[in-house]
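Using the hints, position chain B against chain A.
The chain contents come next:
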Amino acid sequence: MTFAGTGQLLRLVLRLERRAFPIWIAVFTLTPPMVAAAFESLYPDPASLEQAAQAVGGNAAFTALLGEVYAATVGGLTAWRIGTVAALFAGIFSALTVIRHTRVEEETGRYELFGSMPIGRHAPLAAAVLATLGANLAFAIGATVGLLAAGQPAEGSVALGLAFGLTGWAFTGVGLLAAQVTDSSRAARMIASSVLGAAFLLRMLGDSADGFSWASWVSPLGWGGQLKAFADEAWWVVVLPIGLALVTLALAARVAMRRDIGAGLLRTRAGVAEAAGSFDSPWALAWRLQRGVLLAWAIGVAVFGTVMGGVAPGVVDLGGGSEQFRELLERMGGTEVLTDAFIAGVVGMFGMGVTAYAILAILRLRTEEVELRAEPVLATGVTRTQWLLSHAAFAVGGTAIIMVVFGISAGVTFGVIEGDVPTQVARVLSAALVQLPATLTLAGLAVALVGWLPAHVGWSWGALAAAFLVSFLGAILGLDQVFLDLSPFTHTPQLPVAEFTVLPVALLSAVAVGLGAAGWFGLLQRDIA
Amino acid sequence: MGPAIAISGLVKTFGTTVALDGLDMEVQVGEVHGFLGPNGAGKTTTLRVLLGLLRADAGSARLLDGDPWTDATDLHHRLAYVPGDVSLWPNLSGGEIIDLFGRLRGNHSTDRRAELLERFDLDPTKKARTYSKGNRQKVALIAALTSDVELLLLDEPTAGLDPLMEEEFRNVVREETGNGRTVLLASHILSEVEALCERVSIIRAGRIVESGAIAEMRHLSGTTVQAELSSPPAGLEGLAGVHDLVVEGTTVTCRVEPGALDAVLRHLAGLGVQRLVSQPPTLEELFLRHYDDGEAGS
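Residue numbers (the working numbering), protein chains in the order written: chain A, 5 to 533; chain B, 4 to 301.
Take these hints with a grain of salt, some might be off.
Derived lysine to any residue pairs resembling SDA-like cross-links, with alpha carbons at most 25 Å apart [claimed, not checked]:
1. B/K136 with A/A191
2. B/K136 with A/A522
3. B/K129 with A/G526
4. B/K136 with A/G113
5. B/K130 with A/S285
Non-contacting residues of chain B with respect to chain A, defined by C-beta distances greater than 10 Å in every case (computed) [unchecked claim]:
6. D24
7. G33
8. E34
9. T76
10. S90
11. G98
12. E99
13. P127
14. G137
15. R202
16. A216
17. E231
18. E240
19. E288
20. L291
No wet-lab data here; the hints were simulated from the structure.
Note that CB positions come from ideal geometry on N, CA and C, so glycine has one too.
Looking at chain A on its own, in the form it has when it is part of the complex (with noise of 0.2 Å):
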């Protein structure tokens, strides 16, 4: 193994972060203390305390959604509220990261640069490495610091910090092997984010289901929440993070020497000789490069409904009815009914996360432009309009599928349990369906931006995680109610808890179509790079 060089790659990597890093950083280190603070307010006495923790760790939805609550503690609830979700948040990070740049930097050929250099054959691997376990490990010093800037106990502190840091550290290695074993990125990607997608699950069925336990200590999602944080710390747990992140690294590090660059293990294949007859089309050429991941994200959502939806009626044999609870819930945006709650709770994140979806299909236009493969495009006989509209159709008919399979599956298990199909699957479809504004409304302020501020599509992400924080934390942390109007979700009618309103699913729509209409406009006008 040859290392040398790996400091100055190691600063070229944080200068290329030199934005998201600290972005990152920032919010792992400010949300855990706000959270507790907002605990401490809602919760100040030991009481009341025991009791919110008895009543969200008594139900099945909150257990399954979030994880267990080991301590009744304003620290306790802190852990149990972002644990999983911050767990999760740093192996998206952390995977997306060490595949940027390993696999993308190698299929751009930027990699062959640093061959021909005195730099070390394994110094680019070491350097996005050790990058990305450094950040992971900045979140970890951030929350631990922030919690105890909040008055936490120092324990807790450290081990809530290390449940996210060490998340990240094994999906680091998770990230690598699978920028590794496969030749491009997109391919990367989509491996890390099944595992991931697999460890939530395996999480959920081991906190929500009996005799599932042990599918907690399988998922590396499920080790942060083992540490118990705040309650009796149980240390060794470190072990196991700390050891996927060593063989996963082990294993890239071997597959990485033996193969040569630009290769993985596994082979691209041969193309066709000839396009098929069909091949001929703007709209075909928008198919052929979206269909991969649409297709992805219908089998990842297919499971995720079918296990939600085998989840939902144990949350009415377990859920604990106290006034407090309700409280709460009313706070996370349900209401009376628990299934119901946990229904239009679930389907509500579900709402946004597919809406990474439909800005991932708009912004294909934009990679698209900058990768310079528009320019030819745009040079044959196809106008603007249908290159725009042949993506947009993605972000619209590809989100309502994604919307349509997860109402069925989630329905059709629900209804199995409840014995009554239909009923559930137009219960579920149609909660999930009435989430399509919202989520258009934030990919028509992508199709604005790919039209007037191309330079700054990346907006659109932005837009959506202060969208997700603002449901996510909102409540909690009592902001005013000018701010969770700003988010698109909180206006969504919360089927099946409420009733469905017109109004505001008509003025979402509405702004949807005025997004992408003035991003239309704007993309007639501008230069293409």
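Just chain B, lined up with the frame of chain A:
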């Protein structure tokens, strides 16, 4: 019917960068027109304006008697374009990409496709991800050449091709012009332009600094004469039409205007010529004259 391309006073700025600064250019129907200039002179920007991808800030451009911005789509059925920076979809095969572009543009021929694959020796079954730079360039060339169009816009079309393929490309372009097509060939490779083009426009910093038939431009710059003589030369500096005179011992090198050639040769003959080399000017020299700031005004 007017010229295939007529540009006058074209201005395009990107922020504070002036990419095109009052560019004038005319390309007649049926000619192979060389568009010469170094990197960053504005060749690609000009082509993108002609394709309606960029909107000009001032000036006018006409393409095949249409407006490149408002009539973009109609015009695009009548032209084919090879971009300077070829980027392909990594998971599509070369064959699929060639077919897609042919179909999007129209007027493509499968016989022509087969012939070009053969001539350029390209394996169409490979995924674009696995192509070398030269092979990606071949995909772009074949994709452009399979269509029966009036105008070919080629931006550095031989980048990455080996000399054999470069020769094949020249043959294909010569055939194309034989069929009455117009070609605008943007390049910084002088030999390529010399080999293919009757007329050239030389661009520098967003302006055309010289335009016309290559033969006429050579006429302007004169012949380089190098002679080894029996005795040290004298009196040459006094002759009209002699430039860049260098004398080293008994060897003399100078650039001679066409009208002065007769007088110079007579003078040299009187000094006893041992060895004589005379070269027509290359575009290289022409080019350097325009790009060497110190001499730009001479």
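Hints versus structure:
1. B/K136 with A/A191: holds (23 Å)
2. B/K136 with A/A522: Roughly 39 Å between the alpha carbons, so the hint for B/K136 and A/A522 is violated.
3. B/K129 with A/G526: violated (37 Å)
4. B/K136 with A/G113: holds (11 Å)
5. B/K130 with A/S285: Holds. B/K130 to A/S285 sits at ~20 Å (cutoff 25 Å).
6. D24: holds (17 Å)
7. G33: holds (22 Å)
8. E34: holds (21 Å)
9. T76: Non-interface label on B/T76 violated, nearest chain A Cβ at 5 Å vs cutoff 10 Å.
10. S90: B/S90 not clear of chain A: closest Cβ-Cβ about 4 Å, inside 10 Å.
11. G98: violated (4 Å)
12. E99: violated (4 Å)
13. P127: B/P127 not clear of chain A: closest Cβ-Cβ about 5 Å, inside 10 Å.
14. G137: Given that every Cβ of chain A is farther than 10 Å from that of B/G137, nearest at about 14 Å, it holds.
15. R202: Per Cβ check, B/R202 is outside 10 Å of chain A; nearest 24 Å; holds.
16. A216: holds (29 Å)
17. E231: holds (45 Å)
18. E240: B/E240 clear of chain A: closest Cβ-Cβ about 51 Å, beyond 10 Å.
19. E288: holds (34 Å)
20. L291: At about 31 Å from chain A, B/L291 clears the 10 Å cut-off, so the statement holds.
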